[in-house]
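Chemist: Produce the complete structure using the sequences and hints provided.
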Amino acid sequence: MAAIGRGILRRGIVGLPAVGSGSAARSMASWFGHVEPAAKDPILGVTEAFLADPSPEKVNVGVGAYRDDNGKPVVLECVREAERRIAGRLNMEYLPMGGSIKMIEESLKLAYGDDSEFIKDKRIAAVQALSGTGACRLFADFQKRFLPDSQIYIPIPTWSNHHNIWRDANVPQRTFRYYHPDTKGLDFASMMDDIKNAPNGSFFLLHACAHNPTGVDPSEEQWREISYQFKVKKHFPFFDMAYQGFASGDPEKDAKAIRIFLEDGHQIGCAQSYAKNMGLYGQRAGCLSILCEDELQAVAVKSQLQQIARPMYSNPPVHGALVVSTILGDPELKSLWLKEVKSMADRIIGMRNALRENLEKLGSPLSWEHITNQIGMFCYSGMTPEQVDRLTNEFHIYMTRNGRISMAGVTTGNVGYLANAIHEVTKSS
Amino acid sequence: MGIENARDQSSSPGRRLATLARHLSVGDTSLISSRGEAIDTAPTAGFHGGSVFANVAQAPEDPILGVTVAYNKDPSPMKVNLGVGAYRTEEGKPLVLNVVKKAEKMLLNNPSRVKEYLPITGLADFNKLSAKLIFGADSRAIQENRVATVQCLSGTGSLRVGAEFLARHYNERAIFIPQPTWGNHPKVFTLAGLSVKTYRYYDPKTRGLNFQGLLEDLNMAPSGAIVLLHACAHNPTGVDPTLDQWEQIRRLMRSKSLLPFFDSAYQGFASGNLDADAQSVRMFVADGGECLMAQSYAKNMGLYGERVGALSIVCESADVAVKVESQLKLVIRPMYSNPPIHGASIVATILKDREMYHEWTIELKAMANRIISMRQQLFNALSARGTPGDWSHIIKQIGMFTFTGLNKEQVSFMTREYHIYMTSDGRISMAGLNTKTIPHLADAIHAAVNRTK
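Residue numbers (this note's numbering), protein chains in the order written: chain A, 54 to 482; chain B, 115 to 567.
No lab work stands behind these hints, which were simulated from the structure alone. Possibly wrong hints are sitting among the right ones.
[Claimed, not checked] Think about it this way: if two alpha-carbon atoms lie no more than 25 Å apart in a straight line, the pair counts; the simulated DSS-like pairs of lysine-lysine are:
1. B:K522 to B:K319
2. A:K125 to B:K229
3. B:K229 to A:K387
4. B:K215 to A:K155
5. A:K93 to B:K443
6. B:K229 to A:K392
7. A:K197 to B:K301
8. A:K93 to B:K242
9. B:K187 to A:K155
10. A:K387 to B:K219
11. B:K229 to A:K395
Modeler: This is the structure we're talking about:
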């Protein structure tokens with residue numbers, strides 16, 4: 054388990070500007086001349102490169118945003134309808150610091166279950182957050198403030214921004230083994246070892262479903278074992294759920310891990326995002342919840358979460374929250390949403406099948422089982438950075454260098470081309 | 115493994131007992147996990163007790179937002195909310211500008227609108243247009259590509275991102291903020307890692323600017339210190355320096371290499387004129403020096419809850435601006451990845467269309483004029499009652515707020531006896547007044563002042 058230290062803060066050396074009166078500022082040197090250009094974000098940089106490529110054959114399987122079978126981004130029908138209802142409304146007033154009450158209520162039902170006793174008992178401290186990133190960040194800052202000696206265990210690999218989030222919150226990081234490069238599946242034995250060897254009461258980041266970037270999820274039985282071990286070790290489970298509904302097509306099924314932990318009596322934390330499952334990407338709609346001992350504590354925890362939000366952005370954006378609560382609060386719209394999220398998940402599953410079939414038909418010497426074993430938006434192909442570079446340079450196929458393929462970018466139109474290219478760069482391995 | 119029929123769904127204790135029962139076998143205290151295995155309950159086990167957050171105390175209410183909470187609880191028909199600074203019409207209703215409604219409709223029907231994530235730095239059009247709005251279309255800094263602009267979550271978000279950037283890359287941690295200032299300022303800067311100091315600003319005797327004190331305190335600031343400046347319509351006092359005074363402040367700051375960090379939350383809302391309200395900022399940028407600028411569209415476009423704003427950093431050269439922008443991304447990505455699209459799209463739609471822009475300036479001027487008229491009416495009402503004291507500051511101060519000069523006890527009295535809701539520092543939001551409520555407020559002030567003479 055590697056320890057990942059804090060980033061080193063840079064302090065530059067600035068030459069003193071020339072002193073003078075009046076408009077002498079012109080002769081000043083910059084205060085920021087020492088600032089170094091920052092490295093490009095590994096994930097978002099891929100789309101930038103893709104956009105700059107003039108080739109007509111180019112394929113973007115980089116960033117995880119859903120595309121339809123024509124490779125076009127999609128606005129869900131239920132979202133369109135919700136926006137129609139919202140436009141021209143009476144006010145755009147500030148939401149409370151903790152965000153939209155309605156949106157929070159609906160989000161908790163989705164994650165904890167419609168009939169959750171924890172909701173009825175008001176034991177969940179919950180605030181609207183800026184999508185999954187914002188929810189994780191609020192939790193990380195909260196963890197730092199109230200458990201300053203705690204650290205966070207993060208799976209290897211994980212979404213790269215997870216590391217940035219806890220680093221900026223000044224929470225020390227440890228890792229636990231997760232992905233097995235040989236099987237391209239879960240390294241369950243190592244994961245359990247790391248859970249057992251972590252000091253009691255450690256904080257763990259768990260992907261509730263559709264692990265990003267590997268697509269490898271524990272089975273239900275494995276989740277039960279993990280939960281059991283967490284009980285023994287008194288670990289704190291923090292779930293990042295960015296793909297509820299998107300993984301299997303059924304939100305209830307995708308929340309199974311969380312429900313198991315709740316059954317076992319864990320007091321969990323949970324980050325929810327509507328970016329993918331409702332296609333609300335840029336609206337930044339999400340929710341952070343923490344299950345507490347009782348209502349009193351939930352009120353206290355919520356008030357403290359608000360204190361973290363207030364000096365960051367005061368209160369969260371209203372539009373996305375209204376879309377979410379309009380859809381989830383209306384039985385017809387909710388039913389439409391469930392259909393639409395299932396069809397997105399189904400298309401992805403279909404593309405997984407197609408990609409694997411294509412590769413097998415091409416006579417690839419390698420096993421591509423993992424393409425259909427893995428779940429959700431991403432496939433961890435097992436390709437090396439060098440192979441990925443070849444895909445980009447020779448075939449104009451864009452993906453992150455860890456070999457992660459965003460299945461959402463695969464279409465019936467490009468799956469053949471993609472399979473061919475992958476076969477070309479891997480056939481001699 | 116549950117004792118299902120023992121579950122009484124109707125009561126909370128019943129449900130908790132049922133859950134407990136599911137996990138306890140008769141006669142011993144071991145837990146059964148969801149997979150049927152026994153778990154030892156150590157004294158510190160997390161089940162129904164021993165939460166890791168048990169020590170979390172309830173946070174105090176936000177003083178400003180708490181005013182509205184208290185107002186909402188009050189059943190009196192006479193109540194007036196002069197707390198939070200959100201514009202209200204003459205009828206006391208919140209207002210969505212017509213031009214904003216128009217822009218929203220256009221977006222709804224626009225097939226080419228962005229459906230996915232914005233870049234980390236936000237909507238490019240919005241950023242360019244925002245910089246033009248505050249710095250002026252003819253600004254040399256813009257023409258020379260020396261301005262790095264990133265979309266942020268309204269004024270708060272812009273301040274926070276700017277402050278985080280400074281804490282990482284600037285060699286001076288001290289930031290001087292005016293006394294008084296918006297209650298959230300010190301928290302934003304402190305959490306970002308800056309060290310908050312103050313400079314004198316408001317003079318309670320004149321209810322105007324303590325200019326001497328301001329100059330003295332800035333003069334004593336260490337070289338390179340950051341200075342927070344309210345671009346116009348100072349919150350909470352409504353007291354702004356004159357252009358002449360701004361020029362003196364600028365000279366002093368440049369001579370001491372103090373770094374200006376502007377907070378512009380009321381451009382266009384103060385005087386009714388967008389350019390006039392940006393004069394202070396433009397004066398600084400014109401001298402070629404660097405500065406930070408936090409811009410908000412919450413009030414001047416009525417976009418409050420959409421959280422629309424921009425942080426601009428005016429740099430000495432285009433090269434520096436590029437590098438600065440890249441570093442701003444590193445602050446933003448682990449905070450919320452990329453900013454919310456809806457409000458920024460509305461702003462961009464309006465600012466890039468000549469007619470809509472014009473329409474906006476008219477609606478903006480109407481809001482500003484109503485506020486100015488409320489000031490005049492309140493002043494007249496107090497004069498008519500012969501309320502002791504000089505109340506001319508009501509018409510001298512500018513923007514949404516008036517710092518009445520009333521003290522905590524007087525404010526308390528007004529809340530108790532007259533159901534007037536305002537912050538305890540004596541600040542009233544003029545936007546919350548109308549022709550009908552002014553006499554009531556005047557009565558309340560009159561009574562409060564006479565009572566504690």
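Chemist: Look at each hint and say if it fits the structure.
Modeler: Hints, verified against the model:
no. : hint             : result
1   : B:K522 to B:K319 : holds, 17 Å
2   : A:K125 to B:K229 : holds, 10 Å
3   : B:K229 to A:K387 : holds, 20 Å
4   : B:K215 to A:K155 : holds, 23 Å
5   : A:K93 to B:K443  : holds, 9 Å
6   : B:K229 to A:K392 : holds, 20 Å
7   : A:K197 to B:K301 : holds, 16 Å
8   : A:K93 to B:K242  : holds, 22 Å
9   : B:K187 to A:K155 : holds, 20 Å
10  : A:K387 to B:K219 : holds, 24 Å
11  : B:K229 to A:K395 : holds, 20 Å
Violated hints for the displayed structure: none, as all numbered hints are satisfied.
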